[in-house]
Amino acid sequence: MKMSKRNVLGIVAFSILTVFLVFSMLMLHFGNIHPFGNPQENDMDSYIISNAQEETGANNAVTSVVFDYRGFDTLGEATILFTAVAGVVLLFRRLKK
Amino acid sequence: MISFGIPYLAVVGLILIGLFALVFKKNLIKMVIGITIIESGVNLFLITLGYREGSIAPIYTSSPGGIMSLPVPQALTLTSIVIGVAVLALMLSLVIHIYRHYGTLNVNKIAEGEK
Amino acid sequence: MKNSEGMSKIVKTAASTIFVFTLIYGLYVIAHGHLTPGGGFQGGAVVASGLVMLIVVFGSSWTMKKIKEENLSILESFGAIGFIGLGFLGLLFTGIFFKNFIVGHNMFFGMIPDFGSTIANINTGGVLPLMNFAVGLKVIAGLFAIVLVMAHATSSYSKEAGKK
Amino acid sequence: MNFLPVPPEYIPVLIVAIPLFGAFLTPIISRINGKVRNIFAISILGITGFLVFWLSTEIFTNNMIYTYVFGGDSNVIGSGNSAYAIRILFEVDSFGIFMAIIAIIVAFIGTLYSYSYMKKETGLDKYYTLILLMTAGMMGMLLTGDLFNFFVFLEITGISSAALVAFWIDKKYAVEAGFKYIIISAIGALFVLLAIALLYGQYNALNMSVLANTITNFNLIDQIILILLFSALAMKAGIVPMHMWLPDAYGRAPASISIMLVGATLSSLYAVFRVIFTLYGKVFLSVSIQTLEFVTTANILGGFIVLLAVLTMLVGVIMALKQNNLKRLIAFAALAEIGYMILGLGIRLAAKSVIYDTEGTAISILNPAYTQAALTGSIFHILNDALDVGLLFLVAGAIYYATKETSLDRMGGLARNMKYTTIFFLIGLFAMSGMPPLNGFASKIIIYESAYQLSPLVSIIAILSSIMLLACFVKVFHSAFLGPKQPHLKNVKEVPKTMLVAMGLIAILIIIIGLFPNLVIENAVKPTVDAILNNTAYISAIIGGA
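Residue numbers (the numbering used here), protein chains in the order written: chain A, 149 to 245; chain B, 1456 to 1570; chain C, 49 to 212; chain D, 9 to 554.
It cannot be assumed that every hint is accurate.
[Unchecked claim] With a cut-off of at most 20 Å between alpha-carbon atoms, the simulated PhoX-like pairs for lysine-lysine come out as follows:
hint	chain 1	residue 1	chain 2	residue 2
1	D	K43	A	K244
2	A	K244	C	K116
3	D	K127	D	K505
Just so you know, these hints were derived from the structure itself, not from any lab.
These numbers come from a predicted model, not from an experiment.
Extracted from the complex, chain A is given alone in its bound form:
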């Protein structure tokens, strides 16, 4: 009984999401908003490509984004790994002192 209710809910959510996602992706590609392999002129990325070397001194533009332009995101990312280690160690701790 419980499972069937869950299945029905699941099927409904599943089909709604299917329609949504397919629509949005088709829009992106065929609506010429962001067709695959041919993104429109992009200010943020072209700025980074042309200025990364001078501003950060790194030849690798991706690294310059990761550690300089979006360095704070990377701090968050490192924090998440730190959180996961803390969480895993916490969960597998010895219970008695």
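Fit chains B, C and D to the given chain A structure using the hints.
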């Protein structure tokens, strides 16, 4: 228009496979796998957004020249992958604990065990 | 035998040899993160997978005896503190958190390469290589700690279950 | 006013960086000794709290927006519609700092409470690390002005809280609740990421102000993004029908974590407000005659949210009546309270109407006066709910600490041995169920009034669920604190002082806000509501003149 947006449809396919596993599979490990498949779909989507036809990697070291693919989506994907690893580690350790307590990974049996 | 756990002697010897190369490759990826594909996370993951290979070969409890997880936590903390510390140094020197405060000083990774396709010069990138090292340390310690703790816990659990 | 060693422009970054730095330092500090570690964590949160309060006075009095750019000064290139942001930036307005005050209060109280409450547990160095990380995550969520950065902090908060929910790993329900929570937060965060990727694909930007400036025509992709963001964040905020994780997570976590989870949930609720009023502000707020169809859109969304709010209240209250476990009961009551908060949001959107002249052409668009009041009540209630629910969770934790019991059947007569806890419970009870003169009444009455003008039925349901909450808690009070003393509870003692201090601090706040609600409304809530509704200021703070 040569690709007909197939990468985007692959993204939808991956997300739907993941959701299917998440919603209809009863094994906890399979649910976790479902989440990682959704995550792969989203990562593929992010990296797809940054691709330009005929472009090279955005690295200047001995580069052959030419247009470069967009660096920001690549950086975002990198972040997202590491986040995925962290979430996966924690989910799996919780699954291990659930198995210790209930002796099963079946969702239905765990729900019964509650009563 | 001192260490009866783990795989056979052949595998152990081979793994110890391979581990050295994995370590060197991983450190190479970390050190050249600002020049070639890769960086702290990727290189750290390479080294950590080498270490995980050691867990597989030598057994988790032997590894746990050699390296305590608390020490790994401390090591990881040092990596994280190094990373956020570089951010704070930027705040201190220029008033901007995460400012690339070394670049442009012509010393200590401070050079700026010419625009366009250039030959790799390790002495560039400002704080980026340093951050790569900090993150690399963090990722090595972090991933290794996660796998070590989980492997140790599961193997000790299966031993308990076997006794019952 | 500048008595700090740091200029005020640096404070937004320090609010996030100090807890993070403290978290990274905690494993090293805890090598010294447990006491030092506890005091270290508390003082780190104290410093952060001080900075938050100081920044909030600056922001509330001047009604200004602080921005902070990470990694460089040349952040925004161009201005107006062609502007784009390169770097991550923090954008702190009244709304963000208001929520940050709530988050830091619950984090500080929770940590103070843990000092004695968790004393006998192992693994405390990781526990304090995770608490600091969770605080940093909440602060980042509330202060950031960049969508991807928001996602990162959402994940930090989600992972650390999931690990903390499962803190009592020897209890199978706790582990299960933690697993549910992490599944929910992983899915929620992935859909948020998908929406962010869609936004990036469409508008090539990640900055919230730049995006808010570009989202004007509400096409199909915008709608899909809104639905993805709303459903994912509503799931994390525990709105019915995606509330299944909430009672488990709140009810099975240690009490000090339950109160922090309230903060985490409210941070997700903040994101719902932020998405609707800032990101989609040009669709839902600045509606003109030219964009008439947006009024219908806003009304439909508003009606939908009102429906969700009513459902949330009813489900919360009805399930609370059935519970026998004290903490689960409070968790369901907390769920009902979330309904009140989104009720104000729904009323704001649902009540927008178009005025037609005699020939049937639209002449103006009206926002009735009570919608402003509804939003005020809603924002005020966020503060009150965090305090009330937090206090009740702490009382439940105190009872558990003293008696090791969670079931109401096995409690009784506690009032004789635990006088202070009883008083705190009474304060929490009356505040939560909206009795004057406590703070819950002050905000609920505003919500009732505005709901009545939208539809009397909604108002009646809201009042009814408050009464049922009262009935529910009176039952708890009777069975736990009054009545005959259970034989196995003979030697129950009052809880340690730090726990009483933590509860007392919240109780004092509740009473002060209850006695002088206008003080809080004028000085904090009004600027917050103004900041929410004035998305032009939010946009132009980054990209210059609109």
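Next pair to validate is D/K43 with A/K244; report whether the Cα-Cα distance is within 20 Å.
Given that 20 Å is the threshold and the Cα spacing comes to 19 Å, the pair holds.
Against the 20 Å threshold, does the CA-CA distance of D/K127 and D/K505 hold or violate the hint?
Within the cut-off at roughly 13 Å; holds.
Restraint status (C-alpha distance of A/K244 to C/K116 at most 20 Å)
Distance of about 18 Å is within 20 Å: holds.
Hint check: no violations occur; every hint is consistent with the structure.
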